[in-house]
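Residue numbers (the working numbering), protein chains in the order written: chain A, 2 to 121; chain B, 4 to 141; chain C, 139 to 236.
No lab work stands behind these hints, which were simulated from the structure alone. The C-beta atom is built at its ideal place from N, Cα and C for all residues, glycine as well. Keep in mind that the hints are not guaranteed to be accurate.
Stated by the list, open to error - Heads up, incomplete: computed chain C residues facing chain A, CB under 7 Å, no partners named:
1. 173
2. 204
3. 205
4. 207
5. 219
6. 223
7. 226
8. 233
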Amino acid sequence: MGKLTIGCFSSLVGSLSLDFGVKLSQAAVQKGHTVDFWVSSNATMLSKKGQRAFKDYSALAKPLSELFATGKFKATACEACAEARGYGKEDTMEGWIRKSMDWYLASAFSADRVLLMGGD
Amino acid sequence: MATIKKLAFVVRSLPYKTEASRLAFTHAIASQTVEIYLEDGENIEPVLCFIGNGVMNCLKNQQAMKHYGITSNEQHMKNSLLLDLKVMICKEDLDKFGIKEDALIMDAEDIGGETKAQIVPYSEIQKELEAVDHIQLF
Amino acid sequence: MKLGVFMSSFESGSDVLDRLTAEKLGIILVGNGVYHAAVKDSGKESPIFKKSANFYVLAEDLESRGFNASNVDSRAKVVNYGDVVDLIFNDYEKIIWI
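Same shape as in the complex, but just chain A (with noise of 0.2 Å):
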């Protein structure tokens, strides 16, 4: 089995990749694969605790609790792009982990497999 990091910029309304992400995340973990997920830049916003799922918007708290629960998925919010944002540590969904960019580069050190969703 094999370890897939997975890095995010795209926000959380109105870009799909994180949604993408999210779901490829999900079948890494159910294949037993560990995966490590990254997100800076507007991407942050999916660590934001009390999202509300309205249909018309991407709702991917629910899917991101089952993912941590496996024990085999790791998710990082970088910190200062979170603090640039408005939003603190107390803000943060439980689970996730607030760092800084050397953690990406760390997860990537020792990934099988990297995946930057960078464009968007």
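Given the coordinates of chain A, assemble chains B and C onto it according to the supplied hints.
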């Protein structure tokens, strides 16, 4: 035995409208502190490659601080060179836009840097992509 | 190298794709990238099919946009998320996202 993993940060995005190219710089520069997470002898070696529209990030005289109040990508480029990161700029893409070397940030001598950016044919960037462990497009 | 390219956009990605060479190349169409396999612009197929590559299309993104397997260029194989995971770990050693 030392284990070095090479990561390519390939920039194809224009600066400023999106955060993508800036994030390539900041993530690559984060390699300077990654050792705190790694074992002795382990490290990350980043290489920054600029292709397509991404070569615009390498232009001199960016005044983003003056107008947007944010650090320019020029400053990030100089910081990258100051930290001896390998920087490759695609020659064909510069030629396509008519950009000459003297319009580019090729060094960080003004802040004490010794490493220079390299203008290379795409074939050299392709070789680099084949040599690295992981490729990331920004 | 064995390279898997995720194409998530209907734009050509030519700045990357045209010059990119790989001993084994896979192009996995996801998100708006599925239009490359499902529609023809002015009657012409997407230029991505000029690449010598294995092509895949994510079923979920295809169906979300009103298409199904019968609409897809015969060179592209329709896959699900589990198949994509297998492609990532078994077929391609490096993966990129356009």
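Evaluation of the provided hints:
no.	hint	result
1	173	violated (14 Å)
2	204	violated (16 Å)
3	205	violated (16 Å)
4	207	violated (19 Å)
5	219	holds (4 Å)
6	223	holds (5 Å)
7	226	holds (5 Å)
8	233	holds (5 Å)
In summary, the numbered hints that this structure violates are 1, 2, 3, 4.
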